[in-house]
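Novice: Here is what each chain is made of, one letter per residue.
2 protein chains.
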Amino acid sequence: MERKKNISMAVIKRLPKYHRYLRELLKNDVDRISSKELGEKIGFTASQIRQDLNCFGDFGQQGYGYNVKELLNEISGILGLSKEYKMIIVGAGNIGQAIANYTNFEKLAFNLAGIFDINPKLIGLKIRDVEVIDIDGLVAFLKETPIDIGVICVSKNNAQTVADMMVTNGVKGIWNFAPVDLEVPEEIIVENVHLSESLLTLSCLMNDRTYP
Amino acid sequence: MERKKNISMAVIKRLPKYHRYLRELLKNDVDRISSKELGEKIGFTASQIRQDLNCFGDFGQQGYGYNVKELLNEISGILGLSKEYKMIIVGAGNIGQAIANYTNFEKLAFNLAGIFDINPKLIGLKIRDVEVIDIDGLVAFLKETPIDIGVICVSKNNAQTVADMMVTNGVKGIWNFAPVDLEVPEEIIVENVHLSESLLTLSCLMNDRTYP
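Residue numbers (my numbering), protein chains in the order written: chain W, 1 to 212; chain D, 1 to 212.
Some hints here could point you the wrong way.
Chain copies aren't distinguished; within one or between two, either way the pair holds.
30 Å max Cα-Cα, derived DSS-like pairs, lysine-lysine [as the list claims (entries may be wrong)]:
(1) 156 / 36
(2) 41 / 156
(3) 121 / 83
(4) 17 / 156
(5) 13 / 172
(6) 69 / 156
(7) 27 / 107
(8) 36 / 69
(9) 172 / 41
(10) 126 / 156
(11) 41 / 13
(12) 27 / 156
(13) 36 / 86
(14) 126 / 143
(15) 107 / 83
(16) 172 / 17
(17) 121 / 36
(18) 107 / 143
(19) 121 / 69
Rather than coming from a laboratory, the hints here were simulated on the basis of the structure.
Generate the whole structure from the sequences, applying the supplied hints.
Specialist: Have a look at this one:
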């Protein structure tokens, strides 16, 4: 399948939403859907949907619409879900535990291989059969078990140190929940979930209704 | 101060990041900063910074740069932080507890007024002096205590019902952690934190290095 290069970040950010809606449609035994119907469900215009999906190849047929299963498969592939990912979580506080407990991720190809913390009270705790290990064992663990994704759920003061340990030991992608921008080599992908920034976006929009 | 209308969502989404960096600068006693220096810190170009901040009025002086305190004050105002917000959390699982425990929010003007859950094991639990209340008491609570922001940390199947209860009882903004798009009246602001979508963005970028 031919894909255009230089896909914008905005399109990439919309793909997981397509993925979510298409899974829902498939679960409800919907075989095919037009860009108009899909747009109404997702809240995008039909033309935006056609434009987005065209970036990745020639989906959909005039007058027929999209084959839901086929489109879902294609988008799953683009999202990297044809592979499996081994994931560790560093920081077993509330956020770390929330992620460890979220079984939906495993359905999507992300397998939790380890959880680490510095707090003696949390070490030994079992979260869905995965035991929280002392952070002192992190490097040895990474040397033994190749890990694709490291989830950082520690405080902002410790996040960079943890990121460095991950990167030095083969982690390729970092999902960062600490409120700090990490410095990593260019080839490492970082996806941030900055909760405070999300909350401030909410208050910003609540405060001035002239914004979009 | 004169503000342009039709500020793009992209600019709004960048403001909390400016806010975070400016707070850090002020904490480190930095009085003024050029758009170039600020850009290097944040990872934006100087011209993007000037363009972003110009949307909201005429900050900064040629040859002097930005007065950090003044700029922080302005951005705080734009982000709605000159007000205080009363917030409730519905769903006292890991995510709900993480948010309740995150003291940084209160420093920013968001005050936790109540936490609700359906699970008898959680009801009565105290998180930072706020007791988890039975969800059956939510409507009565909202009628008595005007709440600005409702945080939804329940499962996707219950999220819409909770949103409806909130909206009917005066909540103006919803911070939604459930993996579902809520239907609300136009005047209600919803900010979503869709964790699965964030993780899929990560795997997408890890999977094909030709993307941005």
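Novice: For each hint, tell me whether it holds in the structure or not.
Specialist: These are the hints, each one checked on the structure:
Taking identical chains as interchangeable, the C-alpha atoms of residue 156 and residue 36 lie at most 30 Å apart only when they sit on different chains, with a minimum of 25 Å there against 44 Å within one chain. Taking the closest pair of Cα atoms, residue 41 and residue 156 come within 30 Å of each other only across two copies (16 Å); inside a single copy the shortest separation is 38 Å, beyond that limit. With identical chains, the CA atoms of residue 121 and residue 83 are never at most 30 Å apart, being 35 Å at best within one copy and 38 Å at best between copies. Taking the shortest Cα distances, residue 17 and residue 156 sit within 30 Å of each other both inside one copy (29 Å) and across copies (15 Å).
In the homo-oligomer, the alpha carbons of residue 13 and residue 172 lie at most 30 Å apart both inside one protomer (19 Å) and across protomers (26 Å), since each shortest distance falls under that limit. For a Cα distance limit of 30 Å, the shortest separation of residue 69 from residue 156 across copies, 23 Å, qualifies, whereas the shortest one inside one copy, 42 Å, does not. In this assembly of identical chains, residue 27 and residue 107 lie within 30 Å of each other by CA distance solely inside one copy; the values are 14 Å within and 44 Å between copies. Taking identical chains as interchangeable, the C-alpha atoms of residue 36 and residue 69 lie at most 30 Å apart only when both belong to the same chain, with a minimum of 17 Å there against 48 Å between chains.
Only between protomers do residue 172 and residue 41 lie at most 30 Å apart by alpha-carbon distance; the minimum there is 24 Å, versus 34 Å within a single protomer. In the homo-oligomer, the alpha carbons of residue 126 and residue 156 lie at most 30 Å apart both inside one protomer (25 Å) and across protomers (25 Å), since each shortest distance falls under that limit. Proximity of residue 41 and residue 13 under a CA criterion of 30 Å is satisfied in both settings, with 17 Å inside one chain copy and 24 Å between copies. For the identical chains of this complex, residue 27 and residue 156 are inter-copy neighbours only, at 15 Å across copies versus 40 Å inside a copy, given an alpha-carbon limit of 30 Å.
Proximity of residue 36 to residue 86 under the C-alpha cut-off of 30 Å is found in neither arrangement, the shortest distances being 37 Å within a copy and 39 Å between copies. In this assembly of identical chains, the alpha carbons of residue 126 and residue 143 lie at most 30 Å apart only when taken from the same copy (22 Å versus 41 Å across copies). Taking the closest pair of Cα atoms, residue 107 and residue 83 come within 30 Å of each other only inside a single copy of the chain (12 Å); across copies the shortest separation is 42 Å, beyond that limit. For the homomeric pair residue 172 and residue 17, the shortest alpha-carbon distances inside one copy (24 Å) and between copies (25 Å) are both at most 30 Å.
In this assembly of identical chains, residue 121 and residue 36 lie within 30 Å of each other by CA distance neither inside one copy nor across copies; the values are 53 Å within and 46 Å between. For the identical chains of this complex, residue 107 and residue 143 are intra-copy neighbours only, at 26 Å inside a copy versus 40 Å across copies, given an alpha-carbon limit of 30 Å. For a Cα distance limit of 30 Å, the shortest separation of residue 121 from residue 69 qualifies neither inside one copy, at 46 Å, nor across copies, at 41 Å.
Checked against the numbered hints above, the structure breaks hints 3, 13, 17 and 19 and satisfies the rest.
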